[in-house]
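Grab the two chains, each in its own frame, and use the hints to assemble them into the complex.
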Amino acid sequence: MKVRAQMGMVMNLDKCIGCHTCSVTCKNVWTSRRGMEYVWFNNVETKPGRGFPVDYEDQSKWKGGWKLDRRGRLKLRAGGPLHKLLNIFSNPDLPELDDYYDPWTYDYDKLISSPSSEHQPVARPKSQVTGDDLDIQWGPNWEDDLAGSAEHAAFDPNFRNIQEEVKQGFEDAFMMYLPRICEHCVNPSCVASCPSGAMYKREEDGIVLVDQDACRSWRFCVSGCPYKKVYFNWNTGKAEKCNFCYPRIEAGMPTVCSETCVGRLRHLGVVLIDTDRVEAAASVENEHDLLNAQLDLMLDPDDPEVREQALRDGIPADWIDAASYSPVYAMAKKWKIALPLHPEYRTLPMVWYVPPLSPMESVGKALVRDGEDADAENVFAAIDEMRIPVEYLASMLSAGDVEPVRNSLQRLVAMRRYMRDLNLGNEARPEIATEAGMEPHELEAMYRMVAIADYDDRYVIPKRHGEVSGDAFIDQGSCGIDFANGAPVPGMGEMAGVGAPDPFTGALAAARDGEVPETGALAPEQPDPKFDVRDLLTRHGGQPGSAGAGSGNV
Amino acid sequence: MSLIATSAPATAVYVVLPYVALAIGIGGLIWRRKNDQFGWTARSTELLEGKVLRFASVVFHVGVLAAIGGHVLGILIPASWTDAVGISEDAYHVLAVAGGISAGIAVLVGFVALMYRRFTNPRVRVTTTNMDLLIFGLLAVGIATGLIATLVNIPDTVNYRESVAPYFRQIFIFQPDPSLMTGEGVATIFQIHVIAVWFLYAAWPFSRLVHAFTVPINYPRRSPIIYRPRKPQVAAAKSKSYGSGNLDYGPSIPSGPKPTGTTGGRSRAAQGE
Numbered sequence: 001m002k003v004r005a006q007m008g009m010v011m012n013l014d015k016c017i018g019c020h021t022c023s024v025t026c027k028n029v030w031t032s033r034r035g036m037e038y039v040w041f042n043n044v045e046t047k048p049g050r051g052f053p054v055d056y057e058d059q060s061k062w063k064g065g066w067k068l069d070r071r072g073r074l075k076l077r078a079g080g081p082l083h084k085l086l087n088i089f090s091n092p093d094l095p096e097l098d099d100y101y102d103p104w105t106y107d108y109d110k111l112i113s114s115p116s117s118e119h120q121p122v123a124r125p126k127s128q129v130t131g132d133d134l135d136i137q138w139g140p141n142w143e144d145d146l147a148g149s150a151e152h153a154a155f156d157p158n159f160r161n162i163q164e165e166v167k168q169g170f171e172d173a174f175m176m177y178l179p180r181i182c183e184h185c186v187n188p189s190c191v192a193s194c195p196s197g198a199m200y201k202r203e204e205d206g207i208v209l210v211d212q213d214a215c216r217s218w219r220f221c222v223s224g225c226p227y228k229k230v231y232f233n234w235n236t237g238k239a240e241k242c243n244f245c246y247p248r249i250e251a252g253m254p255t256v257c258s259e260t261c262v263g264r265l266r267h268l269g270v271v272l273i274d275t276d277r278v279e280a281a282a283s284v285e286n287e288h289d290l291l292n293a294q295l296d297l298m299l300d301p302d303d304p305e306v307r308e309q310a311l312r313d314g315i316p317a318d319w320i321d322a323a324s325y326s327p328v329y330a331m332a333k334k335w336k337i338a339l340p341l342h343p344e345y346r347t348l349p350m351v352w353y354v355p356p357l358s359p360m361e362s363v364g365k366a367l368v369r370d371g372e373d374a375d376a377e378n379v380f381a382a383i384d385e386m387r388i389p390v391e392y393l394a395s396m397l398s399a400g401d402v403e404p405v406r407n408s409l410q411r412l413v414a415m416r417r418y419m420r421d422l423n424l425g426n427e428a429r430p431e432i433a434t435e436a437g438m439e440p441h442e443l444e445a446m447y448r449m450v451a452i453a454d455y456d457d458r459y460v461i462p463k464r465h466g467e468v469s470g471d472a473f474i475d476q477g478s479c480g481i482d483f484a485n486g487a488p489v490p491g492m493g494e495m496a497g498v499g500a501p502d503p504f505t506g507a508l509a510a511a512r513d514g515e516v517p518e519t520g521a522l523a524p525e526q527p528d529p530k531f532d533v534r535d536l537l538t539r540h541g542g543q544p545g546s547a548g549a550g551s552g553n554v
Numbered sequence: 001m002s003l004i005a006t007s008a009p010a011t012a013v014y015v016v017l018p019y020v021a022l023a024i025g026i027g028g029l030i031w032r033r034k035n036d037q038f039g040w041t042a043r044s045t046e047l048l049e050g051k052v053l054r055f056a057s058v059v060f061h062v063g064v065l066a067a068i069g070g071h072v073l074g075i076l077i078p079a080s081w082t083d084a085v086g087i088s089e090d091a092y093h094v095l096a097v098a099g100g101i102s103a104g105i106a107v108l109v110g111f112v113a114l115m116y117r118r119f120t121n122p123r124v125r126v127t128t129t130n131m132d133l134l135i136f137g138l139l140a141v142g143i144a145t146g147l148i149a150t151l152v153n154i155p156d157t158v159n160y161r162e163s164v165a166p167y168f169r170q171i172f173i174f175q176p177d178p179s180l181m182t183g184e185g186v187a188t189i190f191q192i193h194v195i196a197v198w199f200l201y202a203a204w205p206f207s208r209l210v211h212a213f214t215v216p217i218n219y220p221r222r223s224p225i226i227y228r229p230r231k232p233q234v235a236a237a238k239s240k241s242y243g244s245g246n247l248d249y250g251p252s253i254p255s256g257p258k259p260t261g262t263t264g265g266r267s268r269a270a271q272g273e
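If you read the sequences in order, they're chains A and B. In terms of the working numbering, the first sequence has 54 at position 54, counting the first letter as 1, and numbering is strictly consecutive. In terms of the working numbering, the second sequence has 260 at position 260, counting the first letter as 1, and numbering is strictly consecutive.
Each hint can be trusted.
Restricting the straight-line Cα-Cα distance to at most 27 Å, the calculated cross-link-like pairs of lysine-lysine (DSS-like) are:
1) A:126 / B:51
2) A:61 / A:75
3) A:110 / A:126
4) A:2 / A:67
5) A:2 / B:231
6) A:463 / B:231
7) A:63 / B:51
8) A:2 / A:75
9) A:463 / A:2
10) B:51 / A:61
Hint data in this document are derived by calculation from the structure and do not stem from the laboratory.
Just chain B, same shape as in the assembly (with noise of 0.2 Å):
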C-alpha cells in the first residue's frame, strides 16, 4: 500500500526533504526580504485580462484560505484538544470531509479557471515566467493529490489525524518518526501530497507566491496620507537639529519693505508688487 516502506528512503524523503525544504524556505524568505524587495510582488494581471479573473482568482483564493484553515484544524491541532473541547472524532470528521471537499472544490476549479485564462489569453500569457510554470505544476499536484486523499479518505479509512498530522508537528520539535508516514494505514496519494508540498514550500520563496506574506494587515490602521523625507536616514539626523524653532538660519530676503526694480528674470514687480 505504501510506496516507501523501506527506512533509508523513508529517511530522505520524510526528514531530511521536509527540513532542507524548510531551510530553503524560510532562509530563502528572509534572504529575498533583504535582498530583492523589488520583485517582492503578486505579479497581478488584472490589468490584462479582468472578467476571467473576477470569478477565478477570487474563488482560487477563497478556497486556498479555507484548505489553510482545514489544514491548520487537521494537522496543526492535535485530535486530544478537539476531543476536549467536545468535538466526537465522528463529528469532525463530517465537518472535515465537508469542509475539505467544498474547500478543495473551490480551489480545484479556481485554479484551472486561472490556468485557462493563463494559457488562452495571449497577454496574460506572455507574462509566464518559468518560475511561475514551476509553481503551476507544484500546485497542480498538491492541489489534485489533496482533493483526491479528502474524497478517497470518505469512508475514514485513514486516520492522518493519528499518522499525518504527528508526523508533521514532530518536524517542528525536530524529533521526526517517518515510519508515521509509511505506515499501513497512510495511503499513497496522502504520501505524494506531503512530499508535494515540501517542494513547494522551497519554491516558495523565488516565485510570486511571496505575496501571501505581505498581506497589508496594517492598512485599515495608518494614516491615509503617508508623508517621507527624501532619504528616511537623512531624516532622522535632521529631526535632531531641524524643526526646533531655530531662526539663526534666517531669510535671504528679510520680510518688510519690498524690493521694486528686477533682479534677473525673477522680480517682485514681474509679479505686481
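Here chain A stands alone, though its shape is the one from the complex (with noise of 0.2 Å):
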C-alpha cells in the first residue's frame, strides 16, 4: 500500500441550470489570451449533444484514453511510444480548430465609431484568430438547450450502445447539462502519451499539469485526453489545461469554477488513494467493473491502518483527517451517489458525477408526490420511467452500466421521501433508508451534504504545508500564469504585445526569479529578539501551566 492524497470534486447534475457561469469566471482568470481564445478549460454542454470539441466522446475517432490489449495489457488507445515518436512530425490524431470552434468577438467599435447613416451600423463577427471577418459555424455549447438537436443530436456516441427504443423515444426530447473540467485521473493517459515527459501529476494533491518549461509542442497529450481537456496553445506552442485552481487549493479555497457556482453544485475533497493498486484497477476485465475498482482504490480515511500508512508516506495529518470529511469520498464511496465520466477510458478521472433526476413519463407513477402510497417496489420502477433514460446515463457515467446510476437515483429518491415526511411533520419512515439500502442517519447526512450544501460541507480543502512544499510567501501576488505575457489582461483576446513591459520590476522581479532578498517587505522574517514564548501563555491573563493558559483562540 502506497498512499497519496488526490484532490477530487463532485459535480451535483441534479442542480445543474446551465448558466456557464464556472465557463466564464474560468476563462476570465485562465485563458483570456492570446492563443487561448478558443480554450474553455470549463465548459458545460447540453446533453444530449456532440460536446466541445465536437464528439470528443467518440474513441473509435479521436483515439483518446487507454485499452486493453489481447494479452489484458493497459495500452493507450492510440498506440504506445514508439508508435507516437513514428508520428512526431503530424500527429494523426489532432483536433483541429474547428472541431473545436474559431473563436470570435464583435467589432464593437463600428457601433459608435461609424458616421451618421441611415441604416444601424452592425457589429461584425471577427475570428479572434485572424482577425477576419468570420462566418461563424459551430461554437461550444453549440447546441444549447437543444437547439439544432434535431441535425446533431443523433450524432451523440452516448446513444451508440443504447437499445432502440430509447433513441425512438427521442420524440419525448430530454436534456441536461453536463459542465466539464479536467478529470485530474488517477491513471491519466494524457501524462502517458506525453513523449518529453512534460505532464505530471503532482505528489501532494494528484492534480495533474504541464510543466511549461518542458513541453516541446508535440501535441500527444491533446490527442491522448479523451475528455479532449489538454489545449494547445497555438500562440506559445505549448500545451495547457485546467490546472484545479492549484494556487486557491494550495491556499484552502475552493476552485473559481466551485466559488462561482450559483448553483452550488460543486464539492471539492481529498481522498486517500493507494497508488501501488492503479495499474490493475484500470486494468480489469470488464468495463462494469471500473467503478468499483476505483472506488476500491479509494482508502477509508478512518481506517487506522490506513492512516499510519498514509503518515509514512508523508501526508500531512490535517490532509488525512481532511480526506475524513472528504464530500467526495462521502459522496463516491460512502453513498455511492457519484459515478465517475466515462469510467471505460480506463483513466480513473477524478471528477465524479452526481446523474440528474427528471420527471416521470407516467404522470402515474409520479411516486415523490404520492409518497404516502409508494411502495419501494414501484418507486424503483419508477426510476426507469424517467424522462431523461436510465441508459443514457450510464453510457456516460458508467461504461452502461444501469445498476451503479439507477441505485444512486433511487437514492436521491429515496432521500427526498425520507425529508418529505420529516418536513411536513409525519413520523419519519426508516423503511424507506433502509429500501434503498442506507441508513436513516446516512439519508439525513446526505441531505444536509447535496440539499443544504453549505459552503464548509462543499470544501474541504486543506492547505498547502511548507515544510512539505516549500514556503508559498515568495509566490504572493503572482497570478500562476508568469508565462506568455504574465497575467491575462482585460478584454478577452487582447494582448500585450510580446515587447510588453514586464509587470514585476526590481525586488519583486528578483524575487519571482528566485532570488530570496535580505532586506525589505520581501525578506524572510527574521526571529524578534526580544520575543519569548512564554509570554504567549500569559497573554489572556493565565498563569503557565494552569487550565486557561494558551487559550489564545479565546
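Take a look at the structure:
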C-alpha cells in the first residue's frame, strides 16, 4: 500500500441550470490570452449533444484514453511510445481548431465610430485568430438547450450502445447539462502520452499539470486525453490545461468554477488513493467493474492502518483528517451517489457526477409526490420511467451499466421521500432508507450535503504545507500565469504585445526569479530578539500551567 | 569558376565565419537551454491546419533526416574509410547521387508545400514570426543550393570528398585550409551552400529549429505516469526527514471512538457517522 492524497470534485448534475458562470469566471482567470481564445478549461455542454470539441466522446475517431490489448495489458488507445515517435511530425489524431470552434469577438467599435447613416451600423463577428470577418459555423455549447438537436443530437456517441427503443423515444425530448473540467485522473493518459515527460501528477494532491518549460509542442497529450481537456496554445506552442486552480487550492480555497457556481453544485475534497494498485484497477477486464475497482483504490481515511501508512508516506495529518471529512469520498464511496464520467476510458477520472433526476414519463407514477402510498417496488420501477433514460446516463457515467445509476437515483429519491415526511411533520419512515440500502442517519447526512450544501460541507480543502512544498510567501501576488506575456489582461483575446513591460520590477522580479532579498518586505522574517514564547502563555491573564494557559484562540 | 579566389575574403568566409557561426550556434544553444526553456518548442501549427501538414511535414522531415544522413556519409566520413570497407568511388557516387536527389526532392517538395501552407492559410500565417521568416529564407537557400549542387555534380566533376569534406573536418581540429574551398574544382554552388549553412547554424538557437535538439528519445523507457513534487528542491530535502516511518507527527483526531456532534460546518455527523 502506497498512499497518496488526491484532490477530487463532485458535480451534482441535479442542480445544474446551465448558466455557464463557471465557464466564464474560469475563462476570465485562466484563458483570456492570445492563443487561448478557443480554450475552455471549464465548459458546460447540453446533453444529448456532440460536446466540445465536437464528438470528443467518440474514441473510435479520436483514440483517447486507454484500452486493453489482446493479452489484457493496459495500452494507450492511440498507440505506444514508438508509435508516437514515428508520428511525431504529424499527429494523426489531433483535433483541428474547427473541431473546437473559430473563436470570435465583435467589431463593437463600429457601433460608436461609424458616421451617421440611414441604416444602423452592425458589429460584425471577427475571428480572434486571424482578425478577419467570420462566418460563424460552430461554437462551444452550440447546441445550448437542444438548439439544432434534430440535426446534431443523433451524433451523440452516448446513444451508440443504447437499445433502439431509447433512440426512438427521442420525440419525448430530454436534456441535461454537463459541466466539464479536467478530470485529474488517477491514471492519466495525457501524462502517459507526453513524449517529453512534461506532464505530471503532483505528489501532494494529484493535480495534473503541464510543465510549461518542458513542453516541446509534440501535441500527443491533446489527442491522448479522451475528454479533450488538454488544449494547445497555438501562440506559445505549448499545451495548457485546467490546473484545478492550484494556487487557490493550496491556500485552502475552492476552484474558481466551484466558488462561483450559483447552483452550489460542486463539492471539493481529498481522497486517499492506494497508488500501488492503480494499474491493476485500470486493467480490470470487464468495463462494468471499473467503477468498483476505482472505489477500491479510495482508502478509508478512518481505518487506523490507512492513517498510519498515510503518515509514513508523508501525508500531513490535517490532510488525512480532511480526507475523512471529504465530500468526494462521502458521495462517491460511502453513499455511492456520485459516478465518474466515462470510466470505460480507464483513466480513473477524479471528477464525479451525481446523475440528475428528471420528471417521470408516466404521471400516474409520480411517486415522489404520492409518497404515502408508494412502496419501494413502484418507486424503483419509476426510476426507469424517468425522462432522461437510465441507459443514457449509464453510457456516460458507468460504462453502460445501469445498476450504479439506478442505485444512485434511487437513493436521491429515497432522500426526498424521507425528508418530505420530516418536513411535513409526519413520522419519519426509516424503511425508506433501508429500502434504498442506507441508514436513516446516512440519508439525513446526504440531505445535508446535497440539499443544504453549506460552504464548509462542500469544500473541505486542506492547505498546502510549507515544510513539504516550500514557502509560498514568495509566490504571493503572482497570478499563476507568469509566462506567455504574464497575467491575463482585460478584454477577451486582447494581449499585451510581445515586448510588453514586465509587471514585475525590482525586488518583485528578483523574488519571482528565485532570489531571496535580505532586506525589505520580501525578506524572510528574522526572529525578534525581544520575543519570548512564554509571553504567549500569560497573554489572556492565565498563568503558565493553569487551565486557561495558551487558550489564545478564545 | 570559384566565387572567392583571393586569400583575405576566403579566410573571412571559410575560417572566421564558421567559427563565429559555431560559437554563436553552440553558445546560443547553451544559453537558451539555460535561460529560455519556455521558448524551446517546435511551435506546431497542426491545430490550425492538419491536412496539408500531414503530407508536407512528414515528407519534409523524412527528407531532412535522409539529407543529414547523406551529409554524415559524404562529409564527415573520409573517403578512405568507405574505401576500406570496400565501397568503390564509383559505387559511392551512384549512391550519393541517387540518395541525394531523392532526399533533396523530398525536402524541396515538403518545404514548398509547407511554405505554401504557411502563407496561404490565414491562421498559420498569423503565427509566423520574423525569426521564422529569416529561417525560411536561409533554409530556402540551403535547400536550393544543396539540390542544385547534387544535380550539377551528376557527372562527378566536383570531387567534394577531396575538397569540401576535408575542409569541413579540419574545422573541428582547428586547422581549416580555406584554399580547399576556393580551389578550381569547387563549383560556386557548393560555396554558396556552405556559406548559407553557416548562417543557418548561427540563427539556429534563436529559432524554432531548437526542437531538433530535444527529440524525446527517453520516452519509450520512462514510466508512463509521472509524479512530481510541487518544488523538487524541497522534496530533495524532504526525503531525509519524511517517509521514514516517524509517527511522532500524529493525527490530530486519533482513530478510535469517533466524535459525534457538530463542529463548525464539517462534522462526521454530517456524513452519517
